[in-house]
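**Student:** Let the hints inform the model, and build the full structure from the sequences given.
Which chain is which? The protein sequence lines are A and B, in order. Throughout the first sequence, residue numbering follows this note's numbering, covering 1412 to 1847 in sequence. Throughout the second sequence, residue numbering follows this note's numbering, covering 600 to 875 in sequence.
Don't read these hints as lab results, they were simulated from the structure. Since this is a predicted model, take the numbers as computed values, not measurements. Quick reminder that beta carbons are idealized off the backbone N, C-alpha and C, glycines included. Fair warning: there could be bad hints in the mix.
[What the hints assert, rightly or not] Sample of chain B residues lacking proximity to chain A, with all beta carbon distances greater than 10 Å (derived):
1) 628
2) 664
3) 731
4) 867
[Unchecked claim] FRET-style restraints, in silico, Cβ to Cβ:
5) A/1488 with B/718: 45 to 55 Å
6) A/1722 with B/627: 22 to 32 Å
7) B/655 with A/1462: 31 to 41 Å
8) A/1488 with B/721: 18 to 28 Å
9) B/675 with A/1847: 43 to 53 Å
10) B/679 with A/1622: 51 to 61 Å
11) A/1475 with B/809: 13 to 23 Å
12) B/625 with A/1688: 25 to 35 Å
13) A/1768 with B/721: 52 to 62 Å
[Said to hold, decoys possible] Residues of chain A clear of chain B, computed beta-carbon distances all greater than 10 Å:
14) 1443
15) 1475
16) 1562
17) 1823
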Amino acid sequence: MTRIKSFHAATAMALVVASGAFADTTVTIATVNNGDMIRMQRLAPEFEAQNPDIRLEWVTLEENVLRQRVTQDIAANGGQFDVMTIGTYEVPIWGQQGWLVSLDDMPEVWDADDLLPAIRDGLTIDGALYAAPFYGESSMVMYRTDLMEKAGLEIPDAPSWDFIKQAAAAMTDTDNGTYGICLRGKAGWGENMAFLTAMANSFGARWFDEDWQPELNGPEWTAAVNFYMDLMTQHGPPGASTNGFNENLSLFQQGKCGMWIDATVAASFVTDPDDSTVADTVGFALAPDTGLGRRGNWLWAWSLAVPAGSDATQEAKTFIQWATSKDYTALVAAKEGWANVPPGTRSSLYENPEYQAAAPWADMTLNSINAADPTDPSVKPVPYTGVQFVAIPEFAGIATQVGQEISAALAGQQSVKEALDKAQALTLDEMEAAGY
Amino acid sequence: MARSVTTQRKIINTAVAWTVGLLIFFPILWTILTSFKTEATAIADPPVFLAFDWTLENYATVLERSDYMRFLWNSVIIAGGSTLLGIIIAVPAAWSMAFVPGPRTKDILLWMLSTKMLPAVGVLYPIYLIFIKLGLLDTRTGLVLVLMLMNLPIIVWMLYTYFREIPVEILEAARMDGAGLKEEILYVLTPMAIPGIASTLLLNFILAWNEAFWTLNLTAAKAAPLTAFIASYSSPEGLFYAKLSAASTMAIAPILILGWFSQKQLVSGLTFGAVK
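**Tutor:** Okay, here's the thing in structure tokens:
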């Protein structure tokens, strides 16, 4: 009898255990291959240990492939992903389409009020938050302190474009393979057009007026692109029309650029003595302006969102809460040091003296992020949100074509006027076709 | 005199062949070399060819970060499965077109080939939707089916070409000896076409192994093969060329080894019937 009871008990236990095993929920996370994302993946077992009923699966893809895969899956309601890593460009568009689950019900302990306002605004639609920022970035000037000193110049914390041009001329030493300035020239809405759109904002330019009429061959865009072209052709490296973030990073790390204006996330790369030959001689300054009230810096946040087609919404939110919390920041700091925590999302991080000591670029990053306003990016009013992009679905296609025209001008295949006239015409066509 | 010209020509031919071979192989060699460099050496200017501190660190990082064996196994199943399934379907198809051609056989062959002219992305969305309906997204079965369908025209064409080289009289003799259709294909045709079938198998295995459009678009975490493994090391912000090279080397190593050991069959199959 006892044996039968034991058998029944064992069977019951086995069933409980088995049903527990089957109750496991798998959360599939689509992400990009960036240092901070890889670190999150490495630390994820800690989350699984805290949440034994949630199993994480990772899909890491190249940025453009990820964007295409995720768009395709979300539009077709494929339900392959429970957490998606998406950028500031996608969130407003997808949120409005009803493709994302609102994150307004995140618990109080997550502290949504601690998120940097500029970053939070970019992920909010009609007052509702649709993605949790994992790391945020702006752009700033990174320069060689030794070359600046040699040129007899002192860069202000908030330089003007004219100063940048003067410094670029003084730092250029083509005989020794040093170029005054390295900027993005590779065509693409996320490549040269991200830089140029942010730069054009500081020249008072805008993509569209309040009636959605493009202004690409107007005086402001013409001034901005001519300035860029002069900088690049006179003081930039050869073959700049094919240089994107990685190419310029490589040039800067090898000491071939006097200045580089690009993502704040690059600061940790160029100051890493393992990879950079100029790690000890890098300084930072805000992106330049022309005195019109806007600086030429952008705003971007890689964020975690839950697609509407997910069948593990709650578990996905639990993961997002963990990955974007202050506790996660503390975990990274404990395991890998403060310099490696994901930057640019929370005010509390920038108030932390340990972080400030470990990341000398912290203040500049924060000031750059705060200097960008995605809801009011340019000098004149605009009908769109986004600093270095226009948050409409048509933008990626239009800006990539415009980027190709400007890249062709940089390669010497046409004049700036020709490039901008073509850009204006094609934008007008695309926008008309889209019903604007 | 004639002899010296021949020797000279041989030397020139050899030199040209080696040059072309090295040119073709150089990107692969460079990838393999880069995989043993540090990230800093990988982007050094001027580039370093051999004189660098060789390191296995990139391989250690890649192995630690990714479940290589799972990707490898998926690649083997997907490439192997699609190739075998393709051969099973293509042998009878090619047999009928080679030995019992109808008035429209040539048109059918051309039509089959024309399906390869459509860019794959043109049918991505319909196939994606069908896969959602059938629950085939992120499954090896789904990819075996798609890759089989994508490569089927090539398999049929290759087998058709080989079968056409086999004298029909031999098959007729087999029939006179009482062989049925099954025996004819299995015991007469197949053994004679083995070099052709082998090279078709190998070529299609390689094509399926390297296929990166469908394998990236129709998989997520479970069925992702080595192409997805490589893609996961491409970075928009950050120079991880050495790690990317290590991942690429690990992804191509199995197929390189297979190609090395089967090069005789591949060459004999691909040049089958070329010299008459």
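**Student:** If a hint holds in the structure, say so; if it does not, say that too.
**Tutor:** Against the structure, the hints come out as follows:
1. Once the 10 Å rule is applied to beta carbons, residue 628 of chain B is consistent with being away from chain A; the minimum gap is 21 Å.
2. For residue 664 of chain B, the requirement that its beta carbon stay farther than 10 Å from each beta carbon of chain A is not met, with the minimum near 7 Å.
3. Annotated as non-interface, residue 731 of chain B brings its C-beta within 10 Å of a C-beta of chain A; the closest such distance is 5 Å.
4. With a minimum CB-CB distance of about 38 Å to chain A, residue 867 of chain B clears the 10 Å threshold, and the non-interface call stands.
5. For residue 1488 of chain A and residue 718 of chain B, the hinted distance range of 45 to 55 Å is not satisfied, since their beta carbons lie about 25 Å from each other.
6. Separated by about 42 Å at the C-beta atoms, residue 1722 of chain A and residue 627 of chain B break the suggested range of 22 to 32 Å.
7. Taking the beta carbon of each, residue 655 of chain B and residue 1462 of chain A are about 35 Å apart, inside 31 to 41 Å as hinted.
8. In this structure the hint that residue 1488 of chain A and residue 721 of chain B lie 18 to 28 Å apart at CB holds, the actual value being about 21 Å.
9. Taking the beta carbon of each, residue 675 of chain B and residue 1847 of chain A are about 51 Å apart, inside 43 to 53 Å as hinted.
10. At about 59 Å, the CB distance of residue 679 of chain B to residue 1622 of chain A agrees with the hint of 51 to 61 Å.
11. A hinted range of 13 to 23 Å holds for the C-beta pair residue 1475 of chain A and residue 809 of chain B, which are about 20 Å apart.
12. Under the hint 25 to 35 Å, the C-beta atoms of residue 625 of chain B and residue 1688 of chain A, about 27 Å apart, fit the expected range.
13. Roughly 55 Å separates the CB atoms of residue 1768 of chain A and residue 721 of chain B, a value that falls within the hinted 52 to 62 Å.
14. Look at residue 1443 of chain A: its CB is around 7 Å from the nearest CB on chain B, not clear of 10 Å, so calling it non-interface is violated.
15. Its closest Cβ contact with chain B, about 8 Å, brings residue 1475 of chain A to no more than 10 Å, contrary to its assignment away from the interface.
16. The non-interface label for residue 1562 of chain A is consistent with chain B: the shortest C-beta to C-beta separation is roughly 23 Å, beyond 10 Å.
17. With a least CB separation of 24 Å from chain B, residue 1823 of chain A remains clear of the 10 Å interface cut-off, as annotated.
This entry does not satisfy hints 2, 3, 5, 6, 14, 15, going by the numbered hints stated previously.
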